[in-house]
Structures are given as structure tokens and as C-alpha cells.
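**Q** Each chain is listed here by its residues.
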Amino acid sequence: GAGVSQTPSNKVTEKGKYVELRCDPISGHTALYWYRQSLGQGPEFLIYFQGTGAADDSGLPNDRFFAVRPEGSVSTLKIQRTERGDSAVYLCASSAGPTDTQYFGPGTRLTVL
Amino acid sequence: AQSVTQLGSHVSVSEGALVLLRCNYSSSVPPYLFWYVQYPNQGLQLLLKYTTGATLVKGINGFEAEFKKSETSFHLTKPSAHMSDAAEYFCAVSDKRGTYKYIFGTGTRLKVLA
Numbered sequence: 805g806a807g808v809s810q811t812p813s814n815k816v817t818e819k820g821k822y823v824e825l826r827c828d829p830i831s832g833h834t835a836l837y838w839y840r841q842s843l844g845q846g847p848e849f850l851i852y853f854q855g856t857g858a859a860d861d862s863g864l865p866n867d868r869f870f871a872v873r874p875e876g877s878v879s880t881l882k883i884q885r886t887e888r889g890d891s892a893v894y895l896c897a898s899s900a901g902p903t904d905t906q907y908f909g910p911g912t913r914l915t916v917l
Numbered sequence: 010a011q012s013v014t015q016l017g018s019h020v021s022v023s024e025g026a027l028v029l030l031r032c033n034y035s036s037s038v039p040p041y042l043f044w045y046v047q048y049p050n051q052g053l054q055l056l057l058k059y060t061t062g063a064t065l066v067k068g069i070n071g072f073e074a075e076f077k078k079s080e081t082s083f084h085l086t087k088p089s090a091h092m093s094d095a096a097e098y099f100c101a102v103s104d105k106r107g108t109y110k111y112i113f114g115t116g117t118r119l120k121v122l123a
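Protein chains in written order, with our numbering: chain A, 805 to 917; chain B, 10 to 123.
Don't take each hint at face value.
[Stated by the list, open to error] Mimicking DSBU-like on lysine-lysine, the simulated pairs with C-alpha atoms at most 30 Å apart in a straight line are:
id, chain 1, residue 1, chain 2, residue 2
1, A, Lys-882, B, Lys-67
2, B, Lys-67, B, Lys-78
3, B, Lys-110, A, Lys-815
4, A, Lys-819, A, Lys-882
5, A, Lys-815, B, Lys-120
6, B, Lys-58, B, Lys-78
7, B, Lys-67, B, Lys-77
8, B, Lys-78, B, Lys-120
9, B, Lys-67, B, Lys-110
[Unchecked claim] Restraint-style ranges between C-beta atoms, simulated for each label pair:
id, chain 1, residue 1, chain 2, residue 2, range
10, B, Leu-122, A, Gln-884, 45 to 55 Å
11, B, Leu-16, A, Arg-868, 34 to 44 Å
12, B, Leu-65, A, Ser-891, 39 to 49 Å
13, B, Thr-64, A, Leu-917, 44 to 54 Å
14, A, Glu-875, B, Leu-122, 44 to 54 Å
15, A, Ser-842, B, Thr-64, 26 to 36 Å
16, A, Leu-917, B, Val-38, 39 to 49 Å
17, B, Ser-23, A, Thr-905, 31 to 41 Å
18, A, Leu-917, B, Leu-65, 42 to 52 Å
19, B, Pro-39, A, Gly-901, 18 to 28 Å
20, B, Ser-89, A, Lys-821, 29 to 39 Å
If you are wondering where the hints come from, they were derived from the structure by calculation, not from laboratory data.
Cβ atoms here follow ideal geometry from the backbone N, Cα and C, with glycine treated the same way.
The shape of chain B in the complex, shown without the other chains (with noise of 0.2 Å):
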């Protein structure tokens, strides 16, 4: 069975650092990765996914991703952190390659420090 792991539940950077979340998955099949956004008392929200092709993802917010099949990583990245980037950041996979159930990581709550 798939599983994702997301190192770090919590992170904290600085105004204008870079943000790194890290996601591994477990797949004998490259699955479809997907990064998602929660805000307080709010629904997930999509920030980038990889399906095919491109293995370097944009998404919304300045954020992107990066498929790196030999290290089974998709870690997420943003050059500079805004205090709006505040969240909670979730890490998740296609059970299997394109199908609808969605297994996802713990989550990692992103501060951003002034």
C-alpha cells in the first residue's frame, strides 16, 4: 500500500527565507503527488500536483515541487516566505497512479517568523 511521509510537523523560517516541506512516498509505481494548503478553518486547497511530464512543478503562491523518482521525494519549495504563507501544508498520493482515493502525510505547520 501506498504511504506518504512528511518530515517535520512543524517548520518555522523567517520572513523572506526559503521554505522547504519535505514528502517521501512508498510506491513501486511513480503515483500522482500532490501538495495541498490549509488555512485555519478552511478546506484543503490545491497548490500543485504532478501528474506527468515535467517533473518540476508551479503551482499558486510562488510555491513548486520538485518529482525526484531515484529519491522518491516531493519536496515542496518557496524562495521567499510570506507571513501569509502561514498553514498547514499536506503531502499526498493517488492510491494508484490516477485513481480518485488520495493517501496523505501528516501535515507540516509552516510559521513564518517576522
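Isolated chain A (complex conformation) (with noise of 0.2 Å):
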């Protein structure tokens, strides 16, 4: 079965432009999560679907960040008026449920510059 994949795998982009990252989930997983992983750091909790609803957004940095999950399979990350510190690996993972194991995607690498 397929795992968690995300496009594009490399972005570049310029300052202040907006960019979209996809993610399409292990298919029956109901919960799908974005992190973000710095260089030289470990990922981080960016926000949580459960279905189609954000359960816990409280990951984003502001409110140049938004994502979505209209049907509960795909989902896309949206960041308007990017900066160069926005530039990171923006890594998805999906499980069956909130309590399952968490399989993660290769990510997608954000460059802003």
C-alpha cells in the first residue's frame, strides 16, 4: 500500500510570494498532523485534522499559515507572504486515529528567498 506522499518535494520560492504543499494521506487515515523540521532540528507541531476539522491548530506560527482538509483525505498547507524564515522542511504524516502511530511523509523543502 502507498504511504504518505507530499508535492512538490522542492519548492523555491521569493519573499513574500504564497505557496501551497500538498499532502495525500495513507488512505482510511482520518487523522493527518504538519510539522515543520528546521534545519538542525527536530520536527515540529504545526496543526491537526480529525476528518475534515482542524482539532488543534496550535502549532502555526501566525496567521500567514493556514491549512486545510476540505474532504477529509488531501490536504494542503498555505503560506501567504512568505519570509525567509519560513525556509524548512514542512513534513506530513497521517494515522488511523489520534492515538495510532503517526507515518510520516518525505516532506517538502521550502525555500524562500
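Mind docking these for me? Both chains are given alone in their own frames, and the hints should help you get the complex.
**A** Structure (C-alpha cells):
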């Protein structure tokens, strides 16, 4: 079975631009998570979806960051007015339920010039 | 709040030698504990996890970890390193027991010398 997939694998953008990062979870997984991994750091929690709703968005750094999961499957992380400090690897994970093991995708490396 | 400390950002071992990667956590309540491995350009892969029960946990690829409540530790070991073990290893805890928010350490990059 397919694992978690993320597109694009790499994204280079200019400061101030808008970007969208996509996550396709494991089929049937109701829980979906976004993490951000900065250089030399471990992943940091951003947001958790249960089904279509964002159950916990406490990790989003500011209101430039937004994520959706309209049909309870694919999720999109949206970043407005990107800043150089947003450069990082954005990881998506999914799990069967909120207390089950999280399976991670390969990540999207975002570079803001 | 929970926190995770991984001692040693880089560890080098010879092929065939013991691998020991250290992880300590801070929590007043024993959390769920995890070790993930990350190979270059790949996602995090779960090696093993501790939830309840036996404190010595065996994982994939010959790795194991022991939960020691008195030391608030969850060190990862493997008796004999293989070249293919070279990767970055992350220890993580769940923010609250059994819940979804994982707190990760900063990672340990393992280098295996021929």
C-alpha cells in the first residue's frame, strides 16, 4: 500500500509570494498532521486534522499559515507572504486515529529567497 | 510542557560496534515514547515505540530501547552497527499520554565507519 505522499518535493519561492504544499495521507487514515523541520532541528508540530476539521492548530506560527482538508483526505498547507524564516522541510503525517502511530511523508523542502 | 533531549548531535561508531543513542525526556507523567529514523531525502520511519507494559521494546532492524522511569530515559541501542544504519535518529514523546502531539528531540546523526 502507498504511504504518505507530499508534493512538490522541493519548492523555491521569493519572499512575499504565496505557496501551497500538498499532502496525500494513507488511505483510510482519519488523522493528519503537519510538522515543520528547520535545519538542525527536530520536527515541530503545526496542526492536526481529525477528518475535515482542524482539531488543533496551536503550532501554526502566525496567521500567514493556514491549512485545509476539505474532504477529509488530501490536505493543503498554505503560506501567505512568505518570509526567509519560513524556509524549512514541511512534513506531513497521518494515522488511523489520534492515538495511533503516525506515518510520515518524505516532506517538502521550502526555500524562500 | 514536555521536552526531549538527545545527547550528541553526531555519533560515530565502527561497523560491528555497539550503537547507543541517548534520549532523556522531562515529564511528570510517563509519556508515550518513540524513536524514528530518517534516511536522506526520506520521511521519518518509526523504529519502535513504548506505550505501556514491558519496558524493553524491540523494533525493526535490530534496534531496541529501554524505558527507565527513574532516569527519565529511553536510550536506543543496537548490538552491532551496520553501514546501512547511517542516518539521523529522532526521539519523540507524545505531548500528553497517548495523544497526537509529538515533541521531537533535535536528532542524532549516526555515522558508521568501515
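**Q** Look at each hint and say if it fits the structure.
**A** Consistency of the hints with the structure:
1. Between Lys-882 (chain A) and Lys-67 (chain B), the direct Cα distance comes to roughly 39 Å. Violation of the 30 Å bound is thereby established for this hinted pair.
2. Restraint check: the Cα-Cα separation between Lys-67 (chain B) and Lys-78 (chain B) comes to about 17 Å, which is no more than 30 Å; the hinted pair holds.
3. Restraint check: the Cα-Cα separation between Lys-110 (chain B) and Lys-815 (chain A) comes to about 26 Å, which is no more than 30 Å; the hinted pair holds.
4. Between Lys-819 (chain A) and Lys-882 (chain A), the direct Cα distance comes to roughly 14 Å. Compliance with the 30 Å bound is thereby established for this hinted pair.
5. The suggested pairing of Lys-815 (chain A) with Lys-120 (chain B) holds, with an alpha-carbon distance near 29 Å, which does not exceed 30 Å.
6. Proposed proximity of Lys-58 (chain B) and Lys-78 (chain B) is supported: the alpha carbons are some 15 Å apart, at most 30 Å.
7. Of the pairs offered as hints, the one joining Lys-67 (chain B) and Lys-77 (chain B) holds, with about 15 Å between alpha carbons and a cut-off of 30 Å not exceeded.
8. For the suggested pair Lys-78 (chain B) and Lys-120 (chain B), the alpha carbons sit about 29 Å apart, so the restraint of at most 30 Å is met.
9. Annotation: proposed proximity of Lys-67 (chain B) to Lys-110 (chain B) holds, straight-line Cα distance about 23 Å (limit 30 Å).
10. In this structure, Leu-122 (chain B) and Gln-884 (chain A) meet the distance hint of 45 to 55 Å, their C-beta atoms being roughly 46 Å apart.
11. For Leu-16 (chain B) paired with Arg-868 (chain A), a C-beta distance near 35 Å keeps the hint of 34 to 44 Å intact.
12. The hinted range of 39 to 49 Å is satisfied by Leu-65 (chain B) and Ser-891 (chain A), whose Cβ atoms lie roughly 40 Å apart.
13. The beta-carbon spacing between Thr-64 (chain B) and Leu-917 (chain A), approximately 48 Å, falls within the hinted interval of 44 to 54 Å.
14. A hinted range of 44 to 54 Å for the beta carbons of Glu-875 (chain A) and Leu-122 (chain B) is consistent with their spacing of about 49 Å.
15. Between Ser-842 (chain A) and Thr-64 (chain B) the CB atoms are about 33 Å apart, so this pair conforms to the stated range of 26 to 36 Å.
16. Here the CB-CB span from Leu-917 (chain A) to Val-38 (chain B) is close to 44 Å, well matched to the stated 39 to 49 Å.
17. Restraint check, Ser-23 (chain B) to Thr-905 (chain A): a C-beta distance of roughly 32 Å satisfies the suggested window 31 to 41 Å.
18. For the pair Leu-917 (chain A) and Leu-65 (chain B), the supplied restraint of 42 to 52 Å holds, since their beta-carbon distance comes to about 48 Å.
19. For the pair Pro-39 (chain B) and Gly-901 (chain A), the beta carbons lie near 21 Å from each other, so the given range of 18 to 28 Å is met.
20. At about 49 Å, the CB distance of Ser-89 (chain B) to Lys-821 (chain A) disagrees with the hint of 29 to 39 Å.
Hint check: violations occur at hints 1, 20; the rest are consistent with the structure.
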